[in-house]
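K.L.:
Spelled out, the chains give:
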Amino acid sequence: MASSDETPGAMPPGDGSVPPGKPMTVGQYLVDKGAQITQSLKPIKKMSMHACSFAIYSHDMSRQIQTHHYISRLNQDFLQSAVYDSDESTARLIGVEYIVSEQIFNTLPPEEQRLWHSHGYEITSGMWVNPGVPEMIQKPELRELARSFGKFWCTWQIDRGDRVPLGAPALMVSPQGVNKGMVKAELIEKRDKKYEISSDELGRKREDIAVCEMINPHADYWMNAGKGFAIDVEPTQMESKPPFP
Amino acid sequence: MEGTHPEIPGHPTHTSTALLEKATATIQGFAPINQIHNHLCAFHFYAHDMTRQVEAHHFCAHQNEEFRQCLIYDRPDDDGRLIGLEYIVSETLFLTLPDEEKKLWHSHEFEVKSGVLFMPGVAGPIQRQDLEKVCKTYGKVIHFWQVDKGDTLPLGLPQVMMSLTRDGQLYDNLAHDVESRYNVSFAKERENRAYMKGPDNGIHPMANGGGQGLKTVLREVDCKPVESVPRIFV
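Going down the list, the protein sequences come from chains A and B.
Just so you know, our numbering puts 129 at position 129 of the first sequence, and the rest follows in order with no gaps.
Just so you know, our numbering puts 190 at position 190 of the second sequence, and the rest follows in order with no gaps.
No lab work stands behind these hints, which were simulated from the structure alone.
Bear in mind the structure is a predicted one, so any value in this text is a computation, not a measurement.
Cβ coordinates follow ideal geometry from the N, Cα and C atoms, glycine included.
One should not assume that every hint holds.
With a straight-line Cα cutoff of 25 Å, these simulated DSS-like cross-link-like pairs (lysine-lysine) come out [as the list claims (entries may be wrong)]:
hint, chain 1, residue 1, chain 2, residue 2
1, A, 227, A, 139
2, B, 215, B, 149
3, B, 188, A, 184
4, A, 227, A, 194
5, A, 184, A, 227
6, A, 205, B, 22
7, B, 224, A, 22
8, B, 22, A, 42
9, A, 22, B, 22
10, A, 227, B, 22
11, B, 215, A, 227
12, A, 190, A, 205
13, A, 139, A, 190
14, A, 33, B, 215
15, A, 22, A, 33
16, B, 136, A, 33
17, A, 46, B, 22
18, A, 139, A, 194
19, A, 193, A, 205
20, A, 45, B, 22
21, B, 22, A, 139
A few chain B residues that face chain A, going by a derived Cβ cut-off under 10 Å, partial list only [what the hints assert, rightly or not]:
hint, residue
22, 43
23, 78
24, 103
25, 178
Use the sequences and the hints to build the structure in full.
P.N.:
Here it is in structure tokens:
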């Protein structure tokens with residue numbers, strides 16, 4: 001019915017905007033502003049970090065995207081992030097990533113671990129950056145992140161041309177220093193230019209950051225198995241509490 | 001289903017980490033997040049199992065008049081768990097979706113008109129200005145964390161979720177729990193919202209799973225591009 005690795009059906013081209021739709025009305029804007037003032041929006045205010053990095057589709061590693069994570073911490077071992085395709089106010093929400101410490105990751109069963117990716121290379125290569133934060137301030141956190149594992153579901157495949165979120169969620173994997181895990185130079189250059197940074201230079205500054213001595217063999221599943229994962233949505237018997245539909 | 005939820009495994013946040021993150025929160029820009037303008041409370045159930053129902057706190061932003069994107073938490077607190085997301089589109093946009101895609105989306109008419117979907121803390125007349133639009137929209141919800149199962153971590157596959165479409169679906173205890181916590185009355189709101197209308201073309205027959213259950217399945221695929229990834233990595 002719908003698969004993360006299947007090209008979705010056609011949609012009318014519209015004016016090409018992503019997503020399509022009429023501009024916001026003044027009335028809507030006022031209602032929104034009113035709500036924003038009245039309501040406390042606590043989980044949103046808890047977001048404390050913006051990270052810019054890259055991710056790769058598990059089912060097609062030739063497709064690599066720049067990602068913007070807005071992260072909140074629930075405890076020393078667990079972070080949750082909303083992922084967007086840019087850092088601008090017009091950014092599209094493209095998925096969610098969870099990050100856990102090595103300790104927590106090791107408690108997961110193998111079949112679960114296969115859905116997760118390591119962060120060591122991403123951090124030590126300078127690919128993961130926290131725009132605006134001096135490297136020295138960020139260093140202690142980067143040390144921990146370098147030993148963490150992530151699980152990232154992408155729900156909007158904008159790079160494929162989807163103007164609205166179509167299909168099943170896609171599993172993403174992290175950049176690695178080998179093979180198809182290597183992010184294309186032009187993607188990195190473009191990002192670096194925007195933030196006036198050099199990933200290479202950051203990588204050098206991060207040479208003293210230790211990664212996991214031995215990456216759990218189930219993480220980064222593609223590296224050992226040469227396989228990725230796709231998600232299918234299939235019809236099934238609904239366990240029901242009538243009436244449905 | 002209860003008001004309490006289990007702790008997430010792990011150590012309490014170190015003071016040094018908390019301080020560092022206080023700093024980053026001040027220094028960095030959060031433009032996409034600053035677009036989030038309201039909090040909506042509603043219920044979802046699993047597209048393959050409507051006996052499993054989850055209270056869902058949506059934090060929503062507009063991309064334009066016809067498209068919203070929402071983060072979903074299990075509770076609207078500092079320690080709320082990010083359990084999923086929802087996209088909401090106008091009827092016009094929904095009708096442009098390929099048919100197979102429509103099945104993954106659900107209608108909002110019943111949720112809104114029944115009073116069950118509401119904006120905590122916002123006065124009725126103001127809420128209703130927005131909700132009369134929401135009434136005509138369709139949503140696509142994916143949950144990543146099955147908190148109702150007692151999972152202390154976001155395990156397993158993403159889950160397509162659906163929304164209430166008729167009376168009798170929502171468990172009474174869940175409804176009463178929310179009503180008492182937020183001091184609202186769904187019945188009263190239902191009266192206030194009687195004037196609202198659903199989609200102009202009626203609820204599309206392919207929405208809400210096309211009337212069927214939906215489940216997600218994991219499939220292994222060859223790494224693409226195949227020739228570039230050795231099967232045995234030395």
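K.L.:
Hint by hint, say whether it matches the structure.
P.N.:
Going down the list of hints, with the structure as the test:
no. : hint               : in the structure
1   : 227(A) with 139(A) : 33 Å, violated
2   : 215(B) with 149(B) : 16 Å, holds
3   : 188(B) with 184(A) : 57 Å, violated
4   : 227(A) with 194(A) : 34 Å, violated
5   : 184(A) with 227(A) : 21 Å, holds
6   : 205(A) with 22(B)  : 24 Å, holds
7   : 224(B) with 22(A)  : 38 Å, violated
8   : 22(B) with 42(A)   : 15 Å, holds
9   : 22(A) with 22(B)   : 38 Å, violated
10  : 227(A) with 22(B)  : 40 Å, violated
11  : 215(B) with 227(A) : 22 Å, holds
12  : 190(A) with 205(A) : 21 Å, holds
13  : 139(A) with 190(A) : 24 Å, holds
14  : 33(A) with 215(B)  : 37 Å, violated
15  : 22(A) with 33(A)   : 19 Å, holds
16  : 136(B) with 33(A)  : 21 Å, holds
17  : 46(A) with 22(B)   : 10 Å, holds
18  : 139(A) with 194(A) : 22 Å, holds
19  : 193(A) with 205(A) : 18 Å, holds
20  : 45(A) with 22(B)   : 11 Å, holds
21  : 22(B) with 139(A)  : 15 Å, holds
22  : 43                 : 12 Å, violated
23  : 78                 : 5 Å, holds
24  : 103                : 6 Å, holds
25  : 178                : 16 Å, violated
Taken one by one, the earlier hints fail for this structure at numbers 1, 3, 4, 7, 9, 10, 14, 22, 25, listed in ascending order.
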